[in-house]
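There are 2 protein chains.
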Amino acid sequence: MTDGQKVGTYDFVAEPFHVDCNGRLTMGVLGNHLLNCAGFHAEDRGFGMGTLNEHHYTWVLSRLAVEMERMPKAYERFSIQTWVENVYRLFTDRNFAVLDADGTPIGYARSIWAMIDLQTRKPADLLTLHGGSITGYICQKECPIAKPGRIKVTDTAVVGAHKALYSDIDINGHVNSIKYIEHILDLFPIDWFASKGLRRFEMAYVAESYYGDVLTFSREAVSDDEYDIEIKKNNAEVVVRSKVMFGRRPSSPQA
Amino acid sequence: MTDGQKVGTYDFVAEPFHVDCNGRLTMGVLGNHLLNCAGFHAEDRGFGMGTLNEHHYTWVLSRLAVEMERMPKAYERFSIQTWVENVYRLFTDRNFAVLDADGTPIGYARSIWAMIDLQTRKPADLLTLHGGSITGYICQKECPIAKPGRIKVTDTAVVGAHKALYSDIDINGHVNSIKYIEHILDLFPIDWFASKGLRRFEMAYVAESYYGDVLTFSREAVSDDEYDIEIKKNNAEVVVRSKVMFGRRPSSPQA
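So the protein lines, in turn, are chains A and B.
If you count by our numbering, then the first sequence holds residues 1 to 255, one letter each, in order.
If you count by our numbering, then the second sequence holds residues 1 to 255, one letter each, in order.
To be clear, the hints were calculated from the coordinates, so they are not data collected in a lab.
All of these numbers come straight from a predicted model, not from anything done at the bench.
Do not take every clue at face value.
[Stated by the list, open to error] Calculated lysine to any residue pairs in the SDA-like style (CA-CA distance at most 20 Å, straight line): (1) B:K73 x A:V158; (2) A:K163 x B:F188; (3) B:K163 x A:F40; (4) B:K73 x A:R150; (5) B:K196 x A:L187; (6) B:K196 x A:G39; (7) A:K163 x B:V158; (8) B:K6 x B:F188; (9) B:K6 x B:V158; (10) B:K163 x A:F91.
[As the list claims (entries may be wrong)] Footprint (simulated), chain B over chain A, 3 or more residues, beta carbon under 8 Å: (11) 6-19; (12) 31-45.
Note that the Cβ used here is the ideal one computed from N, Cα and C, for glycine as well.
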């Protein structure tokens, strides 16, 4: 199998209600597309949710990092490539490239996934599952953004709160991975998205939250443009940690 | 032109992060698809946003009513048909059918739109615009659901509040039409969506709201299964009225 066959490519258009006040695709919608691409790619190769659920396994997203030169504009066509970078016993690294209509990269993403046995709730050994067939898809393709780093929030003053309601909850009864992204970005002034630009966004999914849980948000400034976020549920357990980095690279066109 | 050519048909699949806790497409996502289909259909026929903006006009959604026998399930393929039912001087009626993969209708929607002159902010005369060419697309196709009715909320006790933040705001700087749908459905207990089922949803867009506006929600029970909602901004102007009807028709399969 060539590396070309190992990479899945999926086409999108930035829909008019999926862009923000600056006419740019939102990070939440991009995150949704990335997760869908992961699903398509895995399903097409025999290790997707549909196949796994029959065998009582499911993928669980552990980390996501997205770094964009620019976000697609309303009505702009773009594509997302995804591939498996590494497979370890308990985790796999899946990377993404976001390309404009000409095939030029405008951003990249990295994600880390575990597989859970739905009956025992324990992680599965990816190297032995299905005879380790997933390792056949490992692909050496460049992903020139930093790996998700450690996020540590020491200032736990609460800067926002949200009660998880119907619209937050996914098919598994958990708060939707994408909804956390929206709630986190809502902690920032709207004009920053135009004046500074959102450059990098990281999520660490630590625990699940559920309908009725009160999510509280703490935010610590690492610099003027870099913020670490922690979400707790019901003032106790940490659910999500996130890093939000504003400020475009000097080279970035935001045209 | 035959009625077949006047109807636009667009294919979708219910994405895994677009379904609710019952594995059913959310009303917000369906609403987004309906509005996109309206846009595709109008653009393909020369009276879409892209064409209009060049001439300083834009479509404004005034009313939306959606009534479903059932919502598509996760990963289910479905299609949306849309057509123009009527054109009046200041408004046009656009209808929709939602079809399962076999082409059987599983729901319908009605919408009412005005066209605004962006320079004067006044409504445009649809019967004379572009030589009245939109009237050539009027189509006699069945839409067997009631038209949007009058919604009147007399009990204005506040049952919920939401401050409009970054994620709520669309490219025009207004709270996104779809976000209102999510916020309204969040007023109801999550188990109702499984036990009663959401049958009909109506929106009347009365005024715009903006970043930082505090939206307050009032809700009045017409019956155990029917609720009228009013959203005000900053405890003053009414922004949206909505009617939410639970309870499946006796004939409806929710399989």
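Original post:
In ascending order, which of the hints set out earlier in this document are inconsistent with the structure?
Top reply: Numbers 1, 3, 4, 5, 6, 8, 9, 10 - these are the hints that the structure violates, sorted from lowest upward.
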